[in-house]
Structures are given as C-alpha cells and as structure tokens.
Amino acid sequence: MKGYEVINNIIIVNRDLTELDIFLRDFLNILKKHSDYLVVSGFVSIATGRTRGTEDIDMLVPVMKKEKFERFFNELNEKRFWCYQGDNVNEVYLYVKDMKNIRFAKKDEMFPNIEFISINETRKAKYFEFTHPQKIKIKDFEFKIPPIEFEILYKEIILKGKKDIADARHLRIFFSDIVNNKKFEEYEKIIREELKK
Amino acid sequence: MKLTLQKKPETDLDYVEIYAIKLKKDNSLFEQQKKLIESQLKSSSSVFRNSFGKGNEFKLRVREYLRKIGLL
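Going down the list, the sequences are from chains A and B. Numbering of the first sequence is given in this note's numbering, commencing with residue 2 and proceeding in unit increments. Numbering of the second sequence is given in this note's numbering, commencing with residue 40 and proceeding in unit increments.
Don't take each hint at face value.
[Said to hold, decoys possible] Think about it this way: if two alpha-carbon atoms lie no more than 25 Å apart in a straight line, the pair counts; the simulated SDA-like pairs of lysine to any residue are:
# : chain 1 : residue 1 : chain 2 : residue 2
1 : B       : Lys74     : A       : Thr52
2 : A       : Lys136    : A       : Arg53
3 : B       : Lys46     : A       : Ile103
4 : B       : Lys107    : A       : Thr52
Calculated directly from the structure, the hints in this document are not laboratory data.
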C-alpha cells in the first residue's frame, strides 16, 4: 500500500497510531474545546514518516484571554497533564500573555511534551500558516498542520538546523506528487519577510 | 513524477531520500518507524522517572533541573 493518499483535500497517512500520536490526540481533545490550534515543525515530518526521535510537539495557539486559559489549564490538570512553568494558573498565564512558550507533559513524565506557542497577527509568518491549515489523518485521528510547502520552506530558510534540513528533504520527496511550485513561490516571499525582522 | 536516487548513497540526506522514496510506495516501513518512536519514548520516560521520582517530588526536581540548564 502507498504511504499516503489525498482524499477530499485531506492527507491520509496509511499507518497505525504511535504512542506519540495518542499523546497528541489526548492533548488536542482537551484543547479543541477551548481554542483553535496548528501542529507545526518536527512532528509534521515525523507524522509523515521521517524516522527520528523527538521530545516535543510544537503547537501554535492564538493567545487566549485569562478566563479561557484558566478553564483550559484546569481541564488539563484534571486530565493528568502538568505544566513545566508552574501549577498556578496566574503564574503560567503571565507567560501566555507575553507570548512566551510553555510546555505540557503527562503527569510524572517529562517527555513527550507539547510546546505551546501563543501567537497573534503580529507574528506574520506563524499567523499565515495558522490561517492556512492542511488537514491530515492517521486512522481516525484528524488534525491540522501547515501547508506542506510552507513547512518545507520554513525549515529550509528559517530553522536551517541539520535535522530541519533532513525533515524538509523528507517532506519534499515524500510529497513530491502533491507539492505545488506556485505555492512555494508565494510562501517563500512571506517567509523571507520574516528574516528581515 | 518518478523518483529515484541517481548516485550511490553517501550522506545522511541521501539515506533520508531513499527512505522517503521507498515509504511513498510501501507503507510497511511505518512499522519500523513506530518501533523506533515508541522505544525512544520508553527509554526517556524510564531515565527521567528514575532520576526525578514521582508526583510533587517529580515536578519540583524537574523544575530545578530545567532552571539549572536554563530552560525555565
């Protein structure tokens, strides 16, 4: 069977769920009740077959108001997640308000963890990918990632580490049948703007 | 588009390419990937649980460690 297919614009990856997917699914089942999100970076490559280990799953989330974050934070606690930055929602919200990243893991575990990245319209490249999601599905687990072309270019132009270049190469080859040159051109301009800051 | 690697693989990226080409056509390689991911998670979980304990003690000691390495 092929590694993936595209049905109704959803990328269907033909594989079983891993424990890492289940960790993400558990977290998203809570987050989706409170906010929208986008899963970005290394996990996009890993979810589509790149064979390497990872410790975190990066996630963009629009910056939340205090009351909404409090409800979300309390539900995470009830469902056995903990936050690296603190147990007190008032303390942790200071990070969110300042758009500093925070991390969540399962109780008594350090890894894997979710790197929770608050964004707003001022973060142009991140806001662009957030507002242009691509749906991906593994078994019955569907979630949102950036457009593949955007993810490749972000890794090649902004992140540029050894593992990012390898992730980008994997995505370029694995998705060579569906990536679109016009989208590469369009997204490259947006990403290069980010470099000027 | 037919993808094949033209040269003998030498670098890490060459192997990334070979793997991606094969995986596109044959999803059975995902089984290996699942094993690798889950084995890494199991080892890191056991290392940190042994180092930091459980419950509130775990959180306190992890935070202390994260502060020490500048991540908090």
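Could you work out which earlier hints the structure fails to respect and list their numbers in ascending sequence? 3, 4
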